[in-house]
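Sequence order for the protein chains is P and A.
Sequential numbering from 0 applies to the first sequence in numbering that gives the first Met the number 0.
Sequential numbering from 0 applies to the second sequence in numbering that gives the first Met the number 0.
Hints listed in this document are in silico derivations from the structure and should not be mistaken for laboratory results.
Glycine included, every Cβ here is placed at the ideal spot set by N, Cα and C.
Treat the hints loosely; a few may be bogus.
Claimed, not checked - Think about it this way: if two alpha-carbon atoms lie no more than 27 Å apart in a straight line, the pair counts; the simulated DSS-like pairs of lysine-lysine are:
hint: 1; chain 1: P; residue 1: 80; chain 2: A; residue 2: 108
hint: 2; chain 1: P; residue 1: 80; chain 2: P; residue 2: 2
hint: 3; chain 1: P; residue 1: 101; chain 2: A; residue 2: 34
hint: 4; chain 1: P; residue 1: 101; chain 2: P; residue 2: 23
hint: 5; chain 1: P; residue 1: 101; chain 2: P; residue 2: 80
hint: 6; chain 1: A; residue 1: 108; chain 2: P; residue 2: 23
To be verified - Covered, in the sense of this in silico footprint (three residues per stretch, anywhere, with C-beta under 8 Å from a C-beta of chain P), are these stretches of chain A:
hint: 7; segment: 49-57
hint: 8; segment: 119-130
To be verified - Residues from chain P shown here face chain A by an in silico Cβ test under 10 Å; the list is partial:
hint: 9; residue: 11
hint: 10; residue: 38
hint: 11; residue: 42
hint: 12; residue: 78
hint: 13; residue: 79
hint: 14; residue: 80
hint: 15; residue: 95
hint: 16; residue: 108
hint: 17; residue: 116
Next come the chains, spelled out residue by residue.
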Amino acid sequence: MIKISTAQLWVHDQDEALAFYTQKLGMQVRSDVTLAEMGNFRWLTVSPADQPDVTIVLMAIPGPPVMDPDTAEQVRALMAKGFAGTVFLTTDDCQGAYEELKGRGLEFNEPPEERPYGIDCGFRDPSGNNLRLTQVREMSAV
Amino acid sequence: MAFVPPARHLLRAKDLADARYFEPLGVEDLARAAKLSRAHFSREFRRAFGEPPHSYLLTRRLERAAALLRTTDRSVADICFSVGLQSVGSFTTSFTRTYGVSPTAYRAKFPPAARYARIPACVLRVYGRPQNSTFREDRAPKPG
Numbered sequence: 000m001i002k003i004s005t006a007q008l009w010v011h012d013q014d015e016a017l018a019f020y021t022q023k024l025g026m027q028v029r030s031d032v033t034l035a036e037m038g039n040f041r042w043l044t045v046s047p048a049d050q051p052d053v054t055i056v057l058m059a060i061p062g063p064p065v066m067d068p069d070t071a072e073q074v075r076a077l078m079a080k081g082f083a084g085t086v087f088l089t090t091d092d093c094q095g096a097y098e099e100l101k102g103r104g105l106e107f108n109e110p111p112e113e114r115p116y117g118i119d120c121g122f123r124d125p126s127g128n129n130l131r132l133t134q135v136r137e138m139s140a141v
Numbered sequence: 000m001a002f003v004p005p006a007r008h009l010l011r012a013k014d015l016a017d018a019r020y021f022e023p024l025g026v027e028d029l030a031r032a033a034k035l036s037r038a039h040f041s042r043e044f045r046r047a048f049g050e051p052p053h054s055y056l057l058t059r060r061l062e063r064a065a066a067l068l069r070t071t072d073r074s075v076a077d078i079c080f081s082v083g084l085q086s087v088g089s090f091t092t093s094f095t096r097t098y099g100v101s102p103t104a105y106r107a108k109f110p111p112a113a114r115y116a117r118i119p120a121c122v123l124r125v126y127g128r129p130q131n132s133t134f135r136e137d138r139a140p141k142p143g
């Protein structure tokens, strides 16, 4: 059986991303390991409190020899333009979560709205990555 | 804190258009969100996203209008005002130029959205936004 364990997200600053995903979004750090022998590569993962087995790895954009400066610049630009990634989250109370997150200073680009599939809202992390929070409606059998 | 790429500020302006298209929002407001002068903002926005900000805002409004035509039975005038446009005449003109059919004919072409698969609304918004006729016109090959 294959399961999802970790998916990767570029961030332009790991400390800033860590503060956002933990303090603002309420996730927990699952690992934060810096490897001196690998040029201080930092493996930093977070996930929701009740979901320890599925994590997002917040990945700094590397320099050479992993990534040449031009490529790094392209990734940085794509991220800043909002085209580098999206994380889809679910909740059982979209409106409640929206109020709570707004109270913590999150900026939403889409407030909660009714959709055919439920109610959801959208916001961004500091790097420009999209996050979407959906309260999925129970689908009646058609 | 890492250096923030300039495009991140342009993205704030784009997000503002996506979030508050239904208000009487203009390029001035978007430029303010990006903390740039209007002329500089328009140039930089176009460089980053391939079309000028007024065009992005208009096509966002047209995309939202098209969605409302498909999923509601609200009148064309009502839909025009509720996506932040102020003239039904110019709405009908831009809509027809963009979609190739009038708002009323467009509505008649599509079944209710409930029949669609469960695709997240952000995906529908991104892929549903029409292309303005001037998109990347400066890069298009010359005819002939």
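Margin query: Run through the hints listed earlier and report the numbers of any the structure violates, in increasing order.
Written below: Violated hints (numbers, rising): 1, 2, 6, 7, 10, 11 and 15; every other hint is consistent with the structure.
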